[in-house]
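From just these sequences and the hints, can you work out the full model?
Here are the chains, one letter per residue:
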Amino acid sequence: MNRHARGRPPADPERPAVALVGGGDDWVARIRHGDPSAFEAMYLAYYQPLCAFVARCIGERDRSEELVQDLFCRIWEGREAWRPAEATLRGYLFRAARNRALNDLKHRRREREFAESSPPAEPAPTPEAGAEARDFAAALAAALAGLPPRCREACVLRWQYGLSHAEIATTMDVAVKAVEALITRGLKAMRIALSAFG
Amino acid sequence: MVDNEPPDWSLMERVAAGHATEGQRAAVEQWIGGDPERRALFELVRRIVAGTRDSAAPTFDADAALARARIRLGLPSAATPSSVSPSVSSSVSSSVPPSVPPSVPSLPMAVRPARQRPARRPMAAPGAPGIWRQAALAAGIVLAVALGVTLSTSRPVAPVPGRTFVTSRGERASVLLRDGTRVALAPATRLTVPSTFDAGHRTVALEGEAFFSVVHDARAPFTVRAGNVVATDVGTSFDVRAYAGDRTVAVAVRDGRVSLAAPATSRARPVSLGAGDLATVTRDTVLAVAHGADVTELSAWTGGRLVFRATPLRDVVTAVARWYDADLAVGDPSLGSVPVTASFEDERLDDVALVLARAVDARVARRGSTLLIVPTGSRP
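Same order as they appear, the protein sequences are chains A and G. Once you know that position 125 of the first sequence is 125 in my numbering, the rest is easy, because the numbers rise by one and skip nothing. Once you know that position 49 of the second sequence is 49 in my numbering, the rest is easy, because the numbers rise by one and skip nothing.
The set of hints was computed from the structure by calculation and includes no laboratory data. Treat each hint with caution, since some may be false.
Using 20 Å as the maximum straight-line C-alpha spacing, the simulated EDC-like pairs for lysine to aspartate or glutamate come out as follows [claimed, not checked]: (1) LYS177(A) with GLU37(G); (2) LYS106(A) with ASP135(A); (3) LYS106(A) with GLU60(A); (4) LYS188(A) with GLU5(G); (5) LYS188(A) with GLU37(G); (6) LYS188(A) with ASP179(G); (7) LYS106(A) with ASP70(A); (8) LYS106(A) with ASP173(A); (9) LYS188(A) with GLU43(G); (10) LYS106(A) with GLU65(A); (11) LYS177(A) with GLU86(A); (12) LYS106(A) with GLU66(A).
Here are a few chain G residues that face chain A, going by a calculated C-beta distance under 7 Å [to be verified]: (13) TRP9; (14) GLY51; (15) ARG53; (16) ALA57; (17) PRO58; (18) PHE60; (19) ALA65; (20) ALA67; (21) PRO187; (22) ARG348; (23) LEU349.
Because the structure is a prediction, the values reported are computed rather than measured. Glycine included, each C-beta is placed from N, C-alpha and C at the ideal position.
Rendered as structure tokens:
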């Protein structure tokens with residue numbers, strides 16, 4: 001019964017969530033058995049975050065969608081033999097997406113890993129917040145862009161997509177301790193960059 | 001900043017990112033200890049994490065991509081199986097009881113704190129029409145899988161004719177009906193919308209709990225059938241709780257007016273409820289109305305908060321277990337009736353169990369995968 005994050009209250013349906021309640025490991029078993037509704041559930045749950053993540057990796061929108069669509073199609077086509085080794089479905093998907101993104105970059109001979117020129121995170125629209133909030137959002141985006149690429153990647157996976165240390169480790173193919181170090185380093189650097197706001 | 005105890009960045013990050021235990025959160029609070037500079041540092045960390053989380057990312061159309069994938073992979077296009085709709089809508093319409101004649105005497109009423117009181121003159125068992133419920137159940141089991149798709153995407157869903165929306169234990173959902181009415185579904189809930197639903201005729205069936213924010217339309221009252229109860233209003237927000245295992249159906253009105261009837265008994269005249277009224281209806285259709293109820297508390301679950309006021313532990317445990325989809329139970333009948341006042345928002349289940357046990361001077365024991373609340377002196 002690993003349908004969702006054990007021990008956690010139900011997700012707020014109004015807030016976008018990357019980790020879906022009612023999905024995850026249960027979907028894997030059902031997809032292996034050819035259940036199209038579980039596959040579609042996974043598709044709808046992860047399409048947006050995976051595309052956004054791949055778009056960051058390779059710096060392109062349309063290509064990121066192709067890569068994610070290919071990933072999902074491969075999963076379905078090979079479903080009977082599909083045995084994701086990662087502890088969570090989310091960890092598997094992010095890792096697989098990242099691998100595809102990096103391979104794509106390699107084959108297209110572009111050296112933009114988590115590049116500066118990738119679509120920068122625009123400050124979220126905050127119509128009701130004041131000028132201070134907008135300034136903070138802009139400064140935060142700049143501070144993120146100023147982090148070393150792997151640092152930024154780990155921090156984004158952690159804070160924007162909500163991945164656990166273990167999932168980030170499996171996505172980036174590094175040790176869990178390295179993930180913790182990257183995130184701590186990123187946080188400290190962000191704090192210095194944003195010290196005017198604290 | 002004087003750092004005789006330097007900040008634990010990893011710990012602060014954990015707390016800010018929502019991956020911390022109760023103990024870790026307490027540790028950070030302890031480290032802050034009223035020092036304004038430390039407080040400011042931690043708040044900045046929170047803002048950094050939250051700001052990154054809320055950074056806009058480019059949006060992608062998952063539905064369109066899925067539609068293309070279905071073609072490419074040859075998936076059946078029936079994620080919403082149409083074969084089920086006719087039976088759902090027909091079962092709903094068959095359960096519609098005859099309209100209540102206006103001249104019959106009103107239901108026996110009592111006004112006091114919302115607690116169930118048995119009828120003085122036992123009434124005929126209402127024989128709550130299980131037809132719609134069973135058909136919806138059957139439909140729900142088939143549809144739950146597919147509907148779990150749309151429900152989980154956190155966008156309100158416009159229904160196709162004759163649909164049932166289902167949440168499992170530990171899951172919430174939000175539904176937008178064709179007339180603009182919004183319905184928040186609690187865990188383990190079934191909302192059935194017949195094919196005849198439109199702006200002119202607004203009836204739904206509910207098993208479980210939902211909060212309705214009804215678009216005002218005086219010409220077409222909005223009707224909820226839940227258990228043995230029919231709630232009607234013209235433009236209101238109210239909560240209906242009608243879990244199959246409960247002994248009562250409860251309706252709490254936040255704004256506006258709701259007319260409540262228990263049509264299974266022909267002697268009933270609808271009772272009118274206003275803001276702050278909490279009505280509980282038993283299977284014997286005895287209706288109790290409490291005025292001045294805190295409906296905000298009762299419906300706080302729509303905002304992710306569970307609030308209990310002097311609620312027997314067994315009922316709290318039932319609600320918490322359903323909310324978390326957990327194996328949690330009261331291990332000793334003597335504890336079940338102890339009243340508990342508590343509220344929970346984002347805690348992990350383990351912490352909730354501890355709080356509940358402490359509230360009744362008991363402890364938490366584990367039996368396999370089940371958490372039990374047992375008296376302190378009992379054997380582990």
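Structure-based check of each hint:
no., hint, verdict
1, LYS177(A) with GLU37(G), "violated (29 Å)"
2, LYS106(A) with ASP135(A), "violated (37 Å)"
3, LYS106(A) with GLU60(A), "holds (14 Å)"
4, LYS188(A) with GLU5(G), "holds (17 Å)"
5, LYS188(A) with GLU37(G), "holds (16 Å)"
6, LYS188(A) with ASP179(G), "violated (50 Å)"
7, LYS106(A) with ASP70(A), "holds (17 Å)"
8, LYS106(A) with ASP173(A), "holds (17 Å)"
9, LYS188(A) with GLU43(G), "holds (14 Å)"
10, LYS106(A) with GLU65(A), "holds (18 Å)"
11, LYS177(A) with GLU86(A), "holds (17 Å)"
12, LYS106(A) with GLU66(A), "holds (16 Å)"
13, TRP9, "holds (5 Å)"
14, GLY51, "holds (4 Å)"
15, ARG53, "holds (5 Å)"
16, ALA57, "holds (4 Å)"
17, PRO58, "holds (6 Å)"
18, PHE60, "holds (4 Å)"
19, ALA65, "holds (6 Å)"
20, ALA67, "violated (10 Å)"
21, PRO187, "holds (6 Å)"
22, ARG348, "holds (5 Å)"
23, LEU349, "holds (4 Å)"
Checked against the numbered hints given earlier, the structure breaks hints 1, 2, 6, 20 and satisfies all the rest.
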